[in-house]
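Undergrad: Sequence:
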Amino acid sequence: MENLNEDCLFSIFRHIAELQDQIQVARTCKKFEMIFKRLWANQKRYQVFNYLEWQSWLPQENDLSYFFHIRRDAVTSIIMVHQTINEFLKKMQKLLKTNNNKTLSKNKYLCLEAVKHFVDEEKSLGILLKDSDIKLLVQIIPNIVSLHVKEPLSGKYIWDFHKLEELYLYVPSQTSFEIENVHFENIFQRLTYLRILDIRLYDGMSRLDLKPLLNCRNLCILKVNLNPLKNYICEVLLLPELACINVMLDWDIDIQSIGNVDLYDFKIYQTNEFYHILKSQSERIIGLAIDLLFLPLQANLSSEILLWQGGSMLKKLAICNCNFSPDTLIDFVNEMKRLQILSCRCWENLRNEHVLHFVKQCKELEHLDVSFSSNINGKLLYEILGVFKNQNREHPIRIYYQNSGLEVEVEKNPKFWQRQRLIKLFAEFPPGSEEGLSYVYRGFEFDFNHI
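Residue numbers for the sequence shown, in my numbering: 51 to 501.
Hints may contain errors.
As the list claims (entries may be wrong) - Straight line, CA to CA, 20 Å or less: simulated EDC-like cross-link-like pairs of lysine to aspartate or glutamate:
1) K439 / E416
2) K144 / E103
3) K474 / E385
4) K180 / E230
5) K329 / D302
6) K413 / E403
7) K273 / E291
8) K261 / E171
9) K280 / D259
10) K81 / E103
11) K94 / D123
12) K141 / D183
13) K439 / E414
14) K273 / E171
15) K439 / E461
16) K273 / D312
17) K81 / D57
18) K94 / E68
19) K140 / D181
20) K206 / D181
21) K365 / E291
22) K429 / D381
23) K81 / D71
24) K280 / D315
25) K273 / D315
26) K462 / E444
27) K280 / D253
28) K462 / E485
29) K87 / E137
30) K280 / E230
31) K213 / E291
32) K280 / D210
33) K317 / D253
34) K365 / E416
35) K147 / E111
36) K206 / D183
37) K80 / E103
38) K329 / E285
Hints are computed from structural coordinates only; laboratory data are not their basis.
My request is simple: use the sequences and hints to build the entire structure.
TA: Shown next as structure tokens:
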């Protein structure tokens, strides 16, 4: 085989299915190794490093180390699942201290300079992440532009990721740990490229001081709790690049005081900031999402929203966990000629005729979420097809139907609906929405045109 040219060998080697077998052949000689490097370079899945996934491909430690060091300069993303950051770092320390059987000196590690994204997908245990772990993470992946952490941390050393543009610190679990104000200030003194920031606190009352954030002139997406926003809402809305603000209502309730869950009022009666944004930014609003399970807006919501005369500009409308009649929104929907995303998730009184009216009026609609709305049924899908036929519609609509009245029809005629060009059905939630019963969890969100 050594007499064959590289193209012939490439054609032969690409038919070796298992990565373990490929590595065995690659180790035979430098020529074979170079050909496999070409083969691996064309596969995008080897640009994303998931330690446990790679370990499942290559259970032998020496195979994993060999392949990792060949691919490490091409790895652009790290996804961490089923382990804490501390556990992940311990494994990475061992892996990075070995380079082609040459052990580096104590406390010296190879860094992964090409990595731009680090995503922690593990469900948080609510244990505070050590500052030393963040310091080591900076040493290993210094050039990341996106950091997504689901473990509570103090915020120290975050500013050493000098190229950071996206910082996600939201921990979706019952923890009251919050980034410290002194570290929060340092982050905004040093991270001049920051565009996206998620600092929501799931449990308790947020005590962050947002003043340092006002110097972040590149910030375009901000996810924050209501309590710290109150003091700086006017200044935040003046940030020149702000395109989206997602506000979580602070959850400062003693669970033991609830008593009867069925009778307890879970509404959080703080709506001043919501209406301030609605009215002061009326000419800029192009997206609106509300979780009515917690936000106490009334059945005359449509008339309140119409105060800002902005319906014709909306591209996204998500009103979830709604227990009043959709009839109140009919006139409002008639104005939404540009609407692309409509979420009616968990609407108690939503029926076929309401959804059909929305679809008829909103001809640009691309995403429709009716998840957890039980009073619609499969006839709706056929009625929507009829509307599209009359409209000579060309572009498809994506309908999200998890735990809705559409499930019976979808399960009964799966092949028919798979063949449809204009209706695409999905059991999961639409892009950009929170998990659970709300498009935006326990609060509200506004999207804006630029100033």
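Undergrad: All hints are to be evaluated individually against the structure, with a verdict given for each.
TA: The hints, checked one at a time:
no.	hint	verdict
1	K439 / E416	16 Å, holds
2	K144 / E103	17 Å, holds
3	K474 / E385	25 Å, violated
4	K180 / E230	13 Å, holds
5	K329 / D302	27 Å, violated
6	K413 / E403	16 Å, holds
7	K273 / E291	14 Å, holds
8	K261 / E171	30 Å, violated
9	K280 / D259	10 Å, holds
10	K81 / E103	28 Å, violated
11	K94 / D123	13 Å, holds
12	K141 / D183	13 Å, holds
13	K439 / E414	15 Å, holds
14	K273 / E171	19 Å, holds
15	K439 / E461	24 Å, violated
16	K273 / D312	30 Å, violated
17	K81 / D57	12 Å, holds
18	K94 / E68	16 Å, holds
19	K140 / D181	15 Å, holds
20	K206 / D181	6 Å, holds
21	K365 / E291	19 Å, holds
22	K429 / D381	24 Å, violated
23	K81 / D71	16 Å, holds
24	K280 / D315	23 Å, violated
25	K273 / D315	25 Å, violated
26	K462 / E444	26 Å, violated
27	K280 / D253	18 Å, holds
28	K462 / E485	26 Å, violated
29	K87 / E137	30 Å, violated
30	K280 / E230	19 Å, holds
31	K213 / E291	18 Å, holds
32	K280 / D210	30 Å, violated
33	K317 / D253	15 Å, holds
34	K365 / E416	10 Å, holds
35	K147 / E111	13 Å, holds
36	K206 / D183	10 Å, holds
37	K80 / E103	27 Å, violated
38	K329 / E285	16 Å, holds
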